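Participant: Sequence:
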Amino acid sequence: MKKEIIKHVALIAFAVLAVGCNDDFLETQPLSQASEEQVWSDQKLTEAAVLDLYQGTWAGTLTREETTDAFTDQAVFTHPGRGVDGYTEGKMNPAGNFMDMQWFSWPELYPFIRSANLAIQKLTANEAGFDDAFVTQLLGEAYYMRAFYYTQLMRQFGGVVLLTEPLGLDSEANNPRGTFEETVNLILSDIDVAMTLLADAPASKQRAHLITAMALKSRVLTHVASDLYEPSKASSISTIASYSNPELIGWTSGSQADRWVAAKAASKALLDATTGYKLDYTAPATQAEAIQNYEDIWLQGDQNQDYIWGRSVEEFGFGSRTYPGGDGWSQGPGMVALYHGPNGYHEWAGTTPTEALVSKYDFADGTEFDWDNPAHAAAPYENREARFYSTFLYDGGPWKDRTDDVVKFDKYNEIQTGYYTLADGTIINGVDTRQGPVEDWNGSRTGYYFRKFADPTTPASWPNDLQKVDAPYIRYSEILLNYVEASINSNDEGEAIAWLNKLRFRNGLPAVTETGDALLELYKRERNKELVNEDARLFDMKRWLEGAESLNKPVQQILIQATQKAGTSVAAEDYRKDTSLFDYVYKPTDIVFENRQWQDKVYFMPIKQEEIDKDASIIQNPGYN
0 MKKEIIKHVA LIAFAVLAVG CNDDFLETQP LSQASEEQVW SDQKLTEAAV
50 LDLYQGTWAG TLTREETTDA FTDQAVFTHP GRGVDGYTEG KMNPAGNFMD
100 MQWFSWPELY PFIRSANLAI QKLTANEAGF DDAFVTQLLG EAYYMRAFYY
150 TQLMRQFGGV VLLTEPLGLD SEANNPRGTF EETVNLILSD IDVAMTLLAD
200 APASKQRAHL ITAMALKSRV LTHVASDLYE PSKASSISTI ASYSNPELIG
250 WTSGSQADRW VAAKAASKAL LDATTGYKLD YTAPATQAEA IQNYEDIWLQ
300 GDQNQDYIWG RSVEEFGFGS RTYPGGDGWS QGPGMVALYH GPNGYHEWAG
350 TTPTEALVSK YDFADGTEFD WDNPAHAAAP YENREARFYS TFLYDGGPWK
400 DRTDDVVKFD KYNEIQTGYY TLADGTIING VDTRQGPVED WNGSRTGYYF
450 RKFADPTTPA SWPNDLQKVD APYIRYSEIL LNYVEASINS NDEGEAIAWL
500 NKLRFRNGLP AVTETGDALL ELYKRERNKE LVNEDARLFD MKRWLEGAES
550 LNKPVQQILI QATQKAGTSV AAEDYRKDTS LFDYVYKPTD IVFENRQWQD
600 KVYFMPIKQE EIDKDASIIQ NPGYN
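Numbered according to numbering that gives the first Met the number 0, the sequence shown spans residues 0 to 624.
Just so you know, the hints here were simulated from the structure itself, not pulled from any lab data.
Possibly wrong hints are sitting among the right ones.
The calculated DSSO-like cross-link candidates involving lysine-lysine, where the alpha carbons are at most 30 Å apart (straight line), are [said to hold, decoys possible]:
#1 Lys232 / Lys267
#2 Lys267 / Lys528
#3 Lys410 / Lys564
#4 Lys407 / Lys501
#5 Lys501 / Lys523
#6 Lys90 / Lys267
#7 Lys523 / Lys600
#8 Lys232 / Lys600
#9 Lys564 / Lys523
#10 Lys501 / Lys410
#11 Lys467 / Lys528
#12 Lys232 / Lys552
#13 Lys90 / Lys564
#14 Lys600 / Lys90
#15 Lys600 / Lys399
Pair by pair, the computed Cβ-Cβ distance ranges are [stated by the list, open to error]:
#16 Ala268 / Val569: 54 to 62 Å
#17 Glu520 / Ala240: 52 to 60 Å
#18 Val591 / Ala517: 32 to 40 Å
#19 Ala378 / Glu520: 49 to 57 Å
Keep in mind the model is a prediction, meaning the values are calculated, not measured.
Idealized CB from N, CA, C, for every residue including glycine.
Produce the complete structure using the sequences and hints provided.
Facilitator: Here is the structure:
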């Protein structure tokens, strides 16, 4: 860690300013060419240095092929050799490189913390005499970003090394981990400071302000109130129970009930301070309305009330809503459709839904889907809840225009992930299968693709013509769900049901009738569906102690076999989904890909051995010695 941190002593930024620019910024000396003294004495460079802190958020879920859902029961990463199996197969170890991705990498996040510390130090001193309002806002953003990065580390490692001043070249390598409680307290302290400093900052969907900080506080308090950190619950996990330093990975004092009360209060404060999107239904929205409601949230992006903070196409208010072309791989959410879309559209099927996720989606009337029910199994894609149609691309489902070279395989712009046998024995491999005629190596292994966060009109042509869809990091709906969870755990089921109904009505589902354990399970299913591919399930399955439930099972595909009915006529080039011409059989089937097995040690990430070799005071997490 020290080596990574001191690399950033001479320069503030990693390379050139990549936060978007207007004419003034174009005239500013790049951070990579400025000395530390120059940076903190020039107002434009000072602001650029603070905006540079946001760069560490850009390597998250929606800017990678491997979303965090690919490490859970909800999705699978199509392409082997990227380290995902290190997690899903329980092979994590301190010497390996498995899952060392920037969004929760110890060595990659600490440089941002070091830069935040430097910004806090320099802005507090304000030797350049900058205007008070200017300094106050930037200082609030620096505290917020430090809290954000420590939150990312805490959710993976527990207690971490707590640095509040920038380390210099002469710093000693003796920085032991703080306890879990100390880590949480620092995060909450930073958030509270940020809330004070940002109280009058302009509202923004890209830069932190008061509402952003309040939302992060809800997330943190909800996370740390959960069972993973409560000794009376986590003791059921032998790896955790036998760990000799429990103070590093959980609470050793205090009441879980009190923690849920704090989480409830923080979440309600945010819900009262702003508003969500279309949460005023008093009965379920129609199916068409509900489908549109869910799509609006991400297609409208930062223009939608539900969007609190994230990576917008228009970064920091500068420039137009476009992404540059070129040979770079950093076009952010402009790449999402290309990363995860169907191979029949020349897209890459990076992370695709599993049947386990698809089966979580109810019918429109709220009935749970069940493959053991013959009627459900005969028509699994009919009359499902609205979010199903907004989230997935499935066999026979409509999608955007095919490219000119693929029209000959599909004239109707419908997803083809099945295998279709004509009356003369001809077998058609669906154009979007791994056996299809277009880029078969990029085909889904599960028979599904994600529609969510993909523009239904724009071709995903790389490196040009990328989509213009924003990537949310925190949504109002997450805070609503946090409030529901805290209410359930605070024995306030009436409040939980009232707010859960707001979400369900917007999504076209009937009112909640469950209570007790059934209510908690319904809530979890709602959260899984609402926040799919938004960096939620990985952390939720761990804090709920559901690692084994999520990963101790093989990935399933949906195997679709269609046979032309006798006496009908259809040409191979005219195939489309048609139950009057074909009999369809749907069969969930295990696939031989990733030998998924859960290891309890994976509740916490291993600290790289090279970090411990640099600083012997750092204690390793349980199960990795």
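Participant: Hint by hint, say whether it matches the structure.
Facilitator: Structure-based check of each hint:
At roughly 26 Å between alpha-carbon atoms, Lys232 and Lys267 fall within 30 Å of each other, so this suggested pair holds. With a C-alpha separation of about 22 Å, the suggested pair Lys267 and Lys528 falls inside the 30 Å cut-off, and the hint holds. A hinted pair counts as satisfied when its Cα atoms are at most 30 Å apart, and Lys410 with Lys564 qualifies at roughly 21 Å. With a CA separation close to 45 Å, the supplied pair Lys407 and Lys501 exceeds the 30 Å bound.
Proposed proximity of Lys501 and Lys523 is supported: the alpha carbons are some 16 Å apart, at most 30 Å. For the suggested pair Lys90 and Lys267, the alpha carbons sit about 40 Å apart, so the restraint of at most 30 Å is broken. Pair hint Lys523 plus Lys600 holds up; C-alpha atoms about 23 Å apart against a cutoff of 30 Å. For the proposed pair Lys232 and Lys600, the alpha carbon gap of about 16 Å is at most 30 Å, so the pair holds.
Taken as a hint, the Lys564 and Lys523 pair is broken in the structure, with Cα atoms around 42 Å apart against an allowance of 30 Å. Distance hint between Lys501 and Lys410 is unfulfilled; the C-alpha atoms sit about 40 Å from each other, more than 30 Å. A hinted pair counts as satisfied when its Cα atoms are at most 30 Å apart, and Lys467 with Lys528 qualifies at roughly 23 Å. For the hint pairing Lys232 with Lys552, the CA-to-CA distance comes to about 23 Å; that is within 30 Å, so the pair holds.
Our distance criterion of 30 Å between C-alpha atoms is broken by Lys90 and Lys564, whose separation comes to about 48 Å. Taking the CA atoms of Lys600 and Lys90, the gap is near 10 Å; set against the 30 Å cutoff, the hint holds. Between Lys600 and Lys399 the alpha-carbon distance is near 43 Å, which puts this suggested pair outside the 30 Å criterion. At roughly 60 Å, the beta carbons of Ala268 and Val569 sit within the given window of 54 to 62 Å.
Judged by the Cβ atoms, the range 52 to 60 Å given for Glu520 and Ala240 is violated: they are separated by roughly 25 Å. In this structure the supplied range 32 to 40 Å holds for Val591 paired with Ala517, their Cβ-Cβ distance being about 35 Å. Separation of Ala378 from Glu520 is about 26 Å and departs from the stated range, judged on CB atoms against 49 to 57 Å.
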